[in-house]
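Engineer: Going down the list, the protein sequences come from chains A, B and C. In the numbering used here, each residue's number is its place in the first sequence (first place is 1) plus 1102. In the numbering used here, each residue's number is its place in the second sequence (first place is 1) plus 5. In the numbering used here, each residue's number is its place in the third sequence (first place is 1) plus 403.
Think of the hints as simulated: they come from the structure by calculation, not from any bench. A virtual CB, placed ideally from N, CA and C, is assigned to each residue, including glycine. Please note that the accuracy of each hint is not assured.
Quick list of simulated restraints, FRET-style, between CB atoms [to be verified]:
hint	chain 1	residue 1	chain 2	residue 2	range
1	C	676	B	91	53 to 63 Å
2	A	1192	B	90	24 to 34 Å
3	C	614	A	1194	46 to 56 Å
Anything over 10 Å on all C-beta distances counts as not near chain B; from chain C, calculated [what the hints assert, rightly or not]:
hint	residue
4	457
5	592
6	599
7	600
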Amino acid sequence: MIDTGVLYGLTGVALAAMGFRATLLEPEVIRKLLAINIMGVGIFLLMIATAYTGPDTAADPVLHALVLTGIVVAVSATALGLALERRRRDKDGS
Amino acid sequence: MLDWISTFLILAGVAFFVSGTIGLLRLPDLYCRLHALTKSDNLGHGLLILGLMLRSDDLLTALKLLLIWILVLTASAAASQLIAQYSGRS
Amino acid sequence: MNTLSWSFLDILLVIALVLLAGAALRARSLRQSIILFIAFGLVTALVWARLRAPDVALAEAAIGAGLTGALLLTALRNRPSEESRLVSNNGMRWGGRWGNVAITVSVSLVALGIGWAVLYGMNDTQSGRLAGQVGSALELSGVSNPVTAVLLNFRAYDTLLELAVLLAALLGILSLGGGRATHCTVDPIATSLRGWLVPLLILTAGYQLWVGAHAPGGAFQAGALLAAAGVVQHLAGRAHAGLPVGAVLRVLMVSGIGIFMTMGLWTFLGGRGFLAYPQRWAGELILLIELFATLAIAVTLILCYLGSEPERRRITPAGSKP
């Protein structure tokens, strides 16, 4: 039976890889931002899976605090990216 | 006995969710899908909550579950109404 | 719950995550992509709850799925409609098919390497974990929720800097200018939804702020809920999204950093060191800082959503229809 933390950790790595690949290859800016967000979730998942120590023990709160911070930073970075994209479109007049 | 009733209610709720999801995937246009989704999800969700309320440890937890049910019910009713309206407009 | 059913649930969750992420990245239209991403965010919140991270789950449900989705969808709304259906191809692309293959292969190799490290490294000993240190110092922190203790006491410095990052992003957005044209629709259903949802969101935000001291919750979750209240107001026809204007708004924007710096300097000048709270007042100080941090986070997130400061003349008196 595969350990729960390892299962989620590997999923996190897979999500981060999918997101990173799409970030590099995707031409459309909105979807690029979406890919960056998916990459971020993958990394968060790896961290939370590392913090998880089983159903009976409390998980590591330091990593939880880091991920909590990361989620808020991710949404503000996405908003900044969208604002830049909007500005670019306004400027191009498209 | 209570356990069995609760299990039955939860399974019935899941069945409604499954049928609603099949409707969402199979039905041809937006209005049909909304119809399938709202009907089955509201009922399925209600049955699920009812089943869980029978299993909850104390009254406070049961009341919280009831509150969740009311919230989801009103929010999903309003949201699906809005979706239907906007699709009609554009 | 026995082990078998838990791991069955785990496998379902993992498959749902990967499939939704793949579908969001591959969907034919941008709109489908974004809606699939919102669903992905909700499943992610379930995963956090499963991995015993309730604080993170609350934040993810409100921010990762809710606010990010709202941001992306409104960005889509400013585009011509045919473009949101067909993904355009005029952006930057790296070196044709072979570049594509090269990137895919190298990303896969890196992922395999990290995956190998996870597989062999993660079951390692408990040694070196910070959880033990947090647990043993928890009594000194003034709160009993370990995540809040880390965020607002042990590593308060990091949270201060994070609020600075948020402010920097917000200043970037505001100085880019040209916020969206407001899409205010007056609709009886949206208005009635706003009528009961907004007070409820504000009440829940207050509860989250208060309960964060000893149970899952805290400034980030409360701020996200307040921001959600603002977004609902804006969607239901209030152009200013419930925000104040002018100087008051700007003071709110910096209030989180302001209170942090004030407290830090106060403890510093009192000879204790930067942000080293006196133990007797730690709980109260944390609540005070969290209160202003909540307001600052909420205002920042609403402004991120609006894209620009609301103007004075757009304000309509409460209760009247714009």
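Engineer: Out of the numbered hints, which ones does the structure contradict?
Structural biologist: When the structure is compared with the hints, numbers 5, 6, 7 turn out to be violated.
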